[in-house]
Amino acid sequence: MDATQLLKGVLDLAVLGVLREEDGYGYDIVRRLRQAGFEDVGDASVYGTLRRLFAAGSLTSYVKPSDEGPHRKYYALNDAGRDHLERGSKVWRAFADTVDELVAEKRTA
Amino acid sequence: MNDTGTVSEQVRDYVTKVAASLADLPPEVRADLVADLEQHLTEVAADSQQPLEASLGAPGAYAEELRASAGLDDPPADHSGASLVAGVQRLLERARRSPRMAATLRLADELRPAWWVARGLAPAALMATLSFRSTGGAGWFLVGLIGVVVSVDVGRRKLQRPDARLAIAAVNIAASIALLLVLLEFVQFGIPVRYETIVEEVPPRHLVHPGGEPITNIYAFDATGAPVTGIFLYDGAGKPIEVRRAAAEQYGIQTDYERAADGTPLRNFFPLRQYVQGLDERGMDRLQPRPEPRVVVPALAPSPGASESATATEAPAEARQAEPEPQQEREPGRNQRPDR
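Note that the protein sequences, when read in sequence, are chains A and B. Note that the working numbering has the first sequence beginning at 21, numbered continuously upward. Note that the working numbering has the second sequence beginning at 93, numbered continuously upward.
Hints may contain errors.
To be verified - The calculated label-pair distances, taken between Cβ atoms and stated as ranges, are:
# : chain 1 : residue 1 : chain 2 : residue 2 : range
1 : A       : Ala75     : B       : Asp201    : 24 to 34 Å
2 : B       : Ser268    : A       : Gln55     : 49 to 59 Å
3 : A       : Lys126    : B       : Asp201    : 31 to 41 Å
4 : A       : Glu106    : B       : Pro143    : 36 to 46 Å
5 : B       : Pro118    : A       : Glu106    : 26 to 36 Å
6 : A       : His91     : B       : Pro143    : 21 to 31 Å
7 : A       : Gly89     : B       : Pro143    : 14 to 24 Å
8 : B       : Leu203    : A       : Leu122    : 49 to 59 Å
9 : A       : Ala75     : B       : Ser268    : 39 to 49 Å
Since the hints were made in silico from the structure, they are not lab data. Bear in mind that the values here come from a model prediction, so they are computed numbers and not experimental data. Backbone N, C-alpha and C define an ideal beta-carbon position, used for all residues, glycine too.
With these hints in hand, go ahead and build the complete structure from the sequences.
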């Protein structure tokens, strides 16, 4: 089992988490995720997740004019998105704790 | 270093291919999905020296990953019944989406023009193999050319009408069968070649005239037309000129060779004694001596300063009266028997 499979389940949360720090555009978000430690995250996966979260109403978007390059489409968390992240974090926490407990070596009393 | 011109070309090309892999989606969904893709990929491309496909992978794979992360792979909430057709369709859908299948379909797409050409050549190829493997030249070339032109033209038109597509499908099947037959012909018989009849030059087995007509016997006459019998014939090297009985046997003529003192048959002692089956004077069927041929010897050219001997003047006079005809072997002609 490699991290890619695990990531698929929580990419939503990861993206939302990244955007909570700061608004970002597509490739920027990919870079930030990779820098955070998900080196192998696929560009298509991030792009698709952004589209889906946007379609689900968890993100807003705006175009930021840029002098040196093309106009970029930025995504930002809205209230629904923050709420989604909140709930998702709790689910993740519970899930991760359960897994930790299961895989941890039991110490004999 | 990528310059902006080729980068945007690359990106557009990549996006087009990704969109192509998503062609099964409803237009609005697909449009929404690729809406910002070009801009997004431009950023990706700008960040790296590599060509897009190196950083992102094949467009087909990108499309699959995109499809999955955008949640489009999720089965619809309600399955309309458990009908077999719907189930098979879903299976096909899923199979078609797999990257390998998408790659295979793309390959098929790229090979389609090659199929058009092959399809166009099918009639000419079939004609060629059916006409017993002899080359036909201009006729087939023309048929082949017309076939290819028509086939490619039809292929390029994207026909929509169901009956037209059905007709095309039928033609495709027929062409496939034809090409398969042609292939089997090759496999079984090898590349068709023109079969030439080779006339093998074998030496005749007995004495023949130029042209091959057998010589069954030899009759000698002197310059006056008198028959000469009981002669041995030899060629320039001293080799006996023999007439084999097999030559005459073809015509039902039997040969009885004169024998030498030691018993060997003298095949060069002429004329050979020969017999044919025939009716005698009493009408009975028995072996008869072969009749001699009737010939008239040609007159010799008068030699300058010819002596006035009786024979000399006689022969030319006789010869002038008779019809000069070449010696004939089998056919007793209209000639007269020369006077002695």
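Now the hints, each set against the structure:
1. A/Ala75 - B/Asp201: 24 to 34 Å: With Cβ atoms ~30 Å apart, the hint holds.
2. B/Ser268 - A/Gln55: 49 to 59 Å: With Cβ atoms ~55 Å apart, the hint holds.
3. A/Lys126 - B/Asp201: 31 to 41 Å: For B/Asp201 against A/Lys126, whose Cβ atoms are near 58 Å apart, the range 31 to 41 Å is violated.
4. A/Glu106 - B/Pro143: 36 to 46 Å: 42 Å, holds
5. B/Pro118 - A/Glu106: 26 to 36 Å: With Cβ atoms ~33 Å apart, the hint holds.
6. A/His91 - B/Pro143: 21 to 31 Å: 25 Å, holds
7. A/Gly89 - B/Pro143: 14 to 24 Å: Hint holds: Cβ distance 20 Å, inside 14 to 24 Å.
8. B/Leu203 - A/Leu122: 49 to 59 Å: 52 Å, holds
9. A/Ala75 - B/Ser268: 39 to 49 Å: Since A/Ala75 and B/Ser268 have Cβ atoms about 45 Å apart, the given range 39 to 49 Å holds.
The earlier numbered hint that this structure contradicts is number 3, and it is the only one.
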